[in-house]
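Peer 1: Listed in order, the protein sequences are those of chains A and B. Under this note's numbering, the first residue of the first sequence carries the number 17, and numbering increases by one thereafter. Under this note's numbering, the first residue of the second sequence carries the number 119, and numbering increases by one thereafter.
Just so you know, not all the hints are guaranteed correct.
What the hints assert, rightly or not - Computed list of lysine to aspartate or glutamate pairs in EDC-like fashion (alpha-carbon distance at most 16 angstroms, straight line):
| hint | chain 1 | residue 1 | chain 2 | residue 2 |
| --- | --- | --- | --- | --- |
| 1 | B | Lys395 | B | Glu262 |
| 2 | A | Lys315 | B | Asp143 |
| 3 | B | Lys425 | B | Glu406 |
| 4 | B | Lys429 | B | Glu481 |
| 5 | B | Lys211 | A | Glu316 |
| 6 | B | Lys395 | B | Glu320 |
| 7 | A | Lys315 | B | Glu149 |
| 8 | B | Lys177 | A | Glu316 |
| 9 | B | Lys339 | B | Glu481 |
| 10 | B | Lys207 | B | Glu149 |
| 11 | A | Lys315 | B | Glu462 |
| 12 | B | Lys177 | B | Asp143 |
| 13 | B | Lys188 | B | Asp143 |
| 14 | B | Lys256 | B | Asp199 |
| 15 | B | Lys323 | B | Asp268 |
| 16 | B | Lys490 | B | Glu400 |
| 17 | A | Lys315 | B | Glu146 |
| 18 | B | Lys193 | B | Glu162 |
| 19 | B | Lys385 | B | Glu367 |
| 20 | A | Lys315 | B | Glu481 |
| 21 | B | Lys389 | B | Glu438 |
What the hints assert, rightly or not - Reference listing, derived: stretches of chain A covered by chain B, where coverage requires no fewer than 3 residues with Cβ under 8 angstroms from a Cβ of chain B:
| hint | stretch |
| --- | --- |
| 22 | 306 to 318 |
| 23 | 323 to 336 |
Please keep in mind that the hints were generated in silico from the structure rather than gathered at the bench. Glycine included, each C-beta is placed from N, C-alpha and C at the ideal position.
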Amino acid sequence: MFRQIFQNDDTIVFHELLPLNNDNVRICVVYTVGMADQKEISKGLISAVLNSPEGSLNRENMVNSLKKQIISCGNIEINSDVDKIVGSILYGDTLIIADNCPEALIVDLKGLKLRDISEPLSENVVRGPRDAFTESLIINTSLIRRRVNNPNLKFRFDFLGTQTKTRICICHINGLSNDKILQEVNDRIKNIRLDAVLESGYIEEIIRDHPLSLFSTVGHTERPDKLVSGLLEGRIAIIVDGTPIALTVPFLFSEYFQSSEDYYNDFISGSVNRLLRWGAFFLSTSIPAIYVALTSFRKEIIPTPLLLTISASRVDVPFPTIIEMFIMVVVFEILREGGSRLPVAVGSTISFVGAVVIGDAAVNAKFVSAPIVIIVAVTGLSNFLIPKLMSSLSIVRIILLLFSGVIGFYGYLFGAICLFIHLLSMNSFGVPYMLSISSLNAFEAKDTGIRVPWWVLRFRAKKQSQIDAGEANEEKS
Amino acid sequence: MKRKADIFILAVLFILLMFTTGCWDYREISEEIIVAGAAFDYDEKNDCLVVTAEITLPKSSEKGSTFNSKIYTSKGKSVIDAVNKLTSKAGHKLLWSHSKVIILSEELIESENLFIGIMDWVKRDLETRDYVWMLLSKEKTAGEIFLKADPQTESIISYYLDHVFLTVKSNETYMKVPYWEFMYSLQSEDFYAVLPTVTLEESDKGAIPLVNGTEIISRNKAICWLDGNQTKTLLLIMDKLRDATFIVEQTHNEKRQTVSLRILGSKTRIKPILGEKGLVMEVRVQMEASVSEIDGSKDIFKKENIKELEKEAERMITGEIKELVNLLKEKYKVDAVRFGDKVENKYPKLWKQMKNDWGNEFEKISSDIQVKLEITASDQSMKITKAGR
């Protein structure tokens, strides 16, 4: 029967055995080449079965005796469900079947070659652990487990994707996480109908609360330490096999501005860095728009010497300020996108061309004025302080720029108000997205704008989970 | 449903809000020419207004940007008329929001309607600002200041004058009068105002505009001019003196010696007292000063010498105040020291009787002036600089 299922597939190996000391017994070992550990199979499985003592294998208790007496490998499972058996073969397990026997043994002898644990690529820190998640689900769970030696840390596996049958793992700490949120996560994941899940982004896009928003309500990280700190705050993590990016929910807007390094360094520099990131958020979204509003609509606000300098730099420039700004912002986006996708060797060409073309030639040729280059450079730099928001901020920036290009400062404020109304109206799994940003209570807001010292932070986890619980209850009632 | 209605209401509110905003016209900086300052004259022959405007022309080169100032003149029946002609001369829209000074001429002030017209225009125009500095030209015309002056430290005359008002403090021989303050005193009941005056001082590389002294203007008449020293005293009486120097003369061993005292702080209180002899203004000045220069060899830092110096300075300043008050009282009958306000605050009923004839009443008021000066610092040295030790 298995031969039928796996026909025309040369990676599935069927190894028939006739044990020496037991006549009339035919045993077949089935596994996938490359995913099962062939050395272990031949040493611990095949030779054990072939050399099994006389009389140990008979029809009646074949499976049990194989499992308990003969095979010297760990994690053996007896199963008769064909779907399950097929799934585990494809996942790298080894199958043992015997003639005329209704049940089969699944032996966990995975030997898939995987990338080693390496340093995180997108979330670097100077001080802090250097390990990052890998593509292997099991290694990832082990990275988490190693940090939380607590039986309350629970992992629950599931399959997603009708074609790929990708393994995912929902992970939380019992007692810290909120049951209602956990239930909500389970429900949403159960409702996913997808052919394939190749990356956690597939899941993120489906389970997030506001699919059309620029801002995600599901967090993602490749740092186990960050994920664990989320778990300890009562969050729920979703790890997907085949990708080093894990998801955390619920996700708050302020988390975009938190780096795990804030907590490893002293609280003063952590706070300064965090405030810098908030400032960068403002700069990155707003300065092109404010510059256009100032120079084209509200010239009286600019100090006279500055106005003179700006007006001198605009002499002979053919385009209106708004067009100039728009061109430069788009060129910057092109450079950024180009730089981030290209291999390192070519990437430096991009930055060189960008620096020469934008920085110097364009100004000298009077295509754009010098202040615009400065504005775009500051915008771009501050963009890099919040890497996870980079692409959303580009869109926000362009929208604000267009608003302020049409009706000046009012347009800018209009856009900013809309942005905040949108952000404040969002929820992430029942928790307000802007939780504790909109709070006027210093105690609740303490870990948002700045990183407060640990001794003040002591009560945080409790408070947070209470709020979470309260919100979730409200939603239900 | 409710949510939809909410969104609808919000959207309507936002759209309505859009129409409540002021100007939203998009205009490039390079399309506009920045007016740095303007001078207004009255042309008696043609009975028209002459506007002399200083505009800035940016020039950018490889090395950086520089600014030249250019002077345009135009005539018109009204301010708007003249300014519009100016615009067509310049060929660009003029940006008035960054103009720093307005210079008036005496003739213009005396031609009442145009003077009011200018004040009205500054207030009414969208772009002109309330904090533009007001000046009175002591030259023949106001336009001359722009046409002839060449301050060496700045290429733009108006911004040079702006600097004069903003940064130079060491010796206050002029007042800072922004438009709003001038307007405020013009609209006050006794209808008089002060303006700093500007003259041109010849130097070997062209004329330098010099702000010095104060003109007192009543109704549409320039009444009297106070020189720099008198301006300082006026500021002292009005409790506006912040940083100034007084030079005290002394005799020592039959040689004259002068000591310069820099004022660190001063406080003036004026109290009207209604006594048997009629109104007496009690003027009490309290000053703190530091020794900033000694031209002589007398050791003034001895205790008794310091006391003596203080006494002498007090006497001198008292004398100056008295002189100024008497000058205003007897010669011009103009209450530039604002005694009237004090009377109104303390004796409102009396004020009502007096205010119609305040000019004459002011003349009758006697004043009791007392100055208290204390030397508390000596800058960087406590010694006398002597030749031959």
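Peer 1: Now look at each hint and say whether the structure bears it out.
Peer 2: These are the hints, each one checked on the structure:
For a cut-off of 16 angstroms, the pair hint linking B:Lys395 to B:Glu262 is broken: about 50 angstroms separates their Cα positions. Distance check on the hinted pair: A:Lys315 and B:Asp143 sit about 11 angstroms apart at the alpha-carbon level, within 16 angstroms; holds. The hinted pair formed by B:Lys425 and B:Glu406 meets the criterion: a straight-line CA distance of about 13 angstroms does not exceed 16 angstroms. Using a Cα cut-off of 16 angstroms, the hinted pair B:Lys429 and B:Glu481 is violated, with the two alpha carbons roughly 29 angstroms apart.
Proximity of B:Lys211 to A:Glu316 is assessed by CA-CA distance (about 15 angstroms); at most 16 angstroms being required, the pair is judged to hold. Restraint check for B:Lys395 and B:Glu320: not satisfied, since their Cα atoms lie roughly 51 angstroms apart, outside the 16 angstroms limit. Between A:Lys315 and B:Glu149, the direct Cα distance comes to roughly 12 angstroms. Compliance with the 16 angstroms bound is thereby established for this hinted pair. Taking the CA atoms of B:Lys177 and A:Glu316, the gap is about 21 angstroms. The hint is violated against a cut of 16 angstroms.
Between B:Lys339 and B:Glu481, the direct Cα distance comes to roughly 20 angstroms. Violation of the 16 angstroms bound is thereby established for this hinted pair. For a cut-off of 16 angstroms, the pair hint linking B:Lys207 to B:Glu149 stands: about 14 angstroms separates their Cα positions. The suggested pairing of A:Lys315 with B:Glu462 is violated, with an alpha-carbon distance near 43 angstroms, which exceeds 16 angstroms. Straight-line distance between C-alpha atoms of B:Lys177 and B:Asp143 comes to about 26 angstroms, which puts the hinted pair past the 16 angstroms bound.
Restraint check for B:Lys188 and B:Asp143: the C-alpha separation of about 27 angstroms exceeds 16 angstroms, so the hint is violated. Straight-line distance between C-alpha atoms of B:Lys256 and B:Asp199 comes to about 26 angstroms, which puts the hinted pair past the 16 angstroms bound. Only pairs whose Cα atoms come within 16 angstroms are accepted, and B:Lys323 paired with B:Asp268 is accepted, the gap being roughly 8 angstroms. About 13 angstroms separates the Cα atoms of B:Lys490 and B:Glu400, which keeps this hinted pair within 16 angstroms; it holds.
Simply put, A:Lys315 and B:Glu146 have alpha-carbon atoms about 10 angstroms apart, close enough for the 16 angstroms limit, and the pair holds. Taking the CA atoms of B:Lys193 and B:Glu162, the gap is near 12 angstroms; set against the 16 angstroms cutoff, the hint holds. Taking the CA atoms of B:Lys385 and B:Glu367, the gap is about 23 angstroms. The hint is violated against a cut of 16 angstroms. For the proposed pair A:Lys315 and B:Glu481, the alpha carbon gap of about 50 angstroms is over 16 angstroms, so the pair is violated.
Between B:Lys389 and B:Glu438 the CA atoms are separated by roughly 19 angstroms; this puts the pair beyond 16 angstroms, and the hint is violated. With 5 residues bearing a CB less than 8 angstroms from a CB of chain B, the stretch 306 to 318 of chain A meets the requirement of three and the coverage assertion stands. Coverage of the stretch 323 to 336 of chain A by chain B holds [criterion: at least 3 residues with CB-CB distance below 8 angstroms; count 12].
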